[in-house]
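Asks: Please model the entire structure based on the sequences and the hints provided.
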Amino acid sequence: MASFEVFAPDERRNIAYHLTMAEGAGADKPGIVFLGGFRSDMGGNKAVALEAFAKSQGRAFLRFDYTGHGDSSGDFELGCIGDWARDATDAITALTQGPQVLVGSSMGGWISLLVARNMPERIAGFVGIAAAPDFTEDSMWAGFDEAQREALIQAGRVELPSEYDDGPYVITRRLIEDGRTHLVLRDPLPLPFPVRLLHGTADVDVDMSRPLKLMEHATCEDLRLTFVKGADHRFSTPECLALIERTVAEIA
Numbered sequence: 226m227a228s229f230e231v232f233a234p235d236e237r238r239n240i241a242y243h244l245t246m247a248e249g250a251g252a253d254k255p256g257i258v259f260l261g262g263f264r265s266d267m268g269g270n271k272a273v274a275l276e277a278f279a280k281s282q283g284r285a286f287l288r289f290d291y292t293g294h295g296d297s298s299g300d301f302e303l304g305c306i307g308d309w310a311r312d313a314t315d316a317i318t319a320l321t322q323g324p325q326v327l328v329g330s331s332m333g334g335w336i337s338l339l340v341a342r343n344m345p346e347r348i349a350g351f352v353g354i355a356a357a358p359d360f361t362e363d364s365m366w367a368g369f370d371e372a373q374r375e376a377l378i379q380a381g382r383v384e385l386p387s388e389y390d391d392g393p394y395v396i397t398r399r400l401i402e403d404g405r406t407h408l409v410l411r412d413p414l415p416l417p418f419p420v421r422l423l424h425g426t427a428d429v430d431v432d433m434s435r436p437l438k439l440m441e442h443a444t445c446e447d448l449r450l451t452f453v454k455g456a457d458h459r460f461s462t463p464e465c466l467a468l469i470e471r472t473v474a475e476i477a
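So the sequence shown is numbered by my numbering: it starts at 226 and just counts up by one.
FYI, nobody ran anything at the bench for these hints, they're computed from the structure. Mixed in with the good hints there might be a few duds.
[Unchecked claim] Label pairs and their calculated CB-CB ranges:
| no. | residue 1 | residue 2 | range |
| --- | --- | --- | --- |
| 1 | E384 | V231 | 29 to 37 Å |
| 2 | S434 | P393 | 21 to 29 Å |
| 3 | E230 | D370 | 14 to 22 Å |
| 4 | D432 | E402 | 21 to 29 Å |
| 5 | R237 | Q373 | 29 to 37 Å |
| 6 | D370 | S298 | 28 to 36 Å |
| 7 | R449 | R398 | 31 to 39 Å |
| 8 | N239 | Y394 | 19 to 27 Å |
| 9 | P393 | M433 | 20 to 28 Å |
| 10 | Q322 | S228 | 35 to 43 Å |
| 11 | P417 | P393 | 37 to 45 Å |
| 12 | A380 | M246 | 43 to 51 Å |
Remember, it's a predicted structure, so these values are computed and weren't measured experimentally. Positions of the beta carbon are idealized from the N, C-alpha and C atoms, including for glycine.
Replies: Here's what the structure looks like:
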């Protein structure tokens, strides 16, 4: 990964980030913040491509690693949704100025919605890419069989296979229980800014029903959902990256 800087919101956290302040960036041009997915980092294709796009548009751009991810401090297995939402809120508060367009990929879509709920005055728009709000409850917990639920409760953890990594990844009881305190599809969800949801029909990690549920649930005067036939969860083909850039430009 390219060089990065470190932001320490408190004595327990060192958040790695990369901030681009493009020439001409200012209050009249909302910045862009990329929020990555579960176990991903700020060096992914979408984040890097969007950074180059932001620079070409004269916009500030922030990408960062949640604690326990990438180059940030902390142990991934000890983290949870509340921790990562706090990381995002602290990073946006300390490292950006003025309104921001949040671009959230997978779990980053859920984190973006939590940030928007906490500080709506700083949000100029939201682009969700395979957004996965409430996934710890509606996907993980709901998909566990009896033995997995018992293991989670008794041992505090369960291992799941992953097609993206060499070995299985651990889901903790803390992750599930904390996720229940940060659900966004159970209570009113006002989004007083433009929202665009992008989703692939070949996404096997986040079902197509998820963005439809978010679209139905949220209160938003300018919300559009686009399905891309054949796109998978990564949503990182040249065509998908170009669509992300066009979508961000539309609402920024």
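Asks: All the hints need checking, so say for each whether the structure fits it.
Replies: Cross-check of the supplied hints:
Taken as a hint, the range 29 to 37 Å holds for the pair E384 and V231, whose Cβ atoms sit roughly 31 Å apart. For the pair S434 and P393, the supplied restraint of 21 to 29 Å holds, since their beta-carbon distance comes to about 26 Å. With their beta carbons about 44 Å apart, E230 and D370 fall outside the hinted range of 14 to 22 Å. For D432 paired with E402, a C-beta distance near 23 Å keeps the hint of 21 to 29 Å intact.
At about 31 Å, the beta-carbon gap between R237 and Q373 stays in the expected band of 29 to 37 Å. The hinted window of 28 to 36 Å between D370 and S298 holds, with their beta carbons roughly 34 Å apart. Distance hint check: the CB atoms of R449 and R398 are about 37 Å apart, consistent with the given range 31 to 39 Å. Remark: the range hint 19 to 27 Å for N239 to Y394 is upheld by a beta-carbon distance near 23 Å.
For P393 paired with M433, a C-beta distance near 26 Å keeps the hint of 20 to 28 Å intact. Between Q322 and S228 the Cβ separation comes to about 22 Å, which falls outside the hinted range of 35 to 43 Å. Checked against the hint of 37 to 45 Å, the pair P417 and P393 passes, with Cβ atoms roughly 41 Å apart. One distance hint, 43 to 51 Å for the beta-carbon pair A380 and M246, holds here, with the actual separation near 47 Å.
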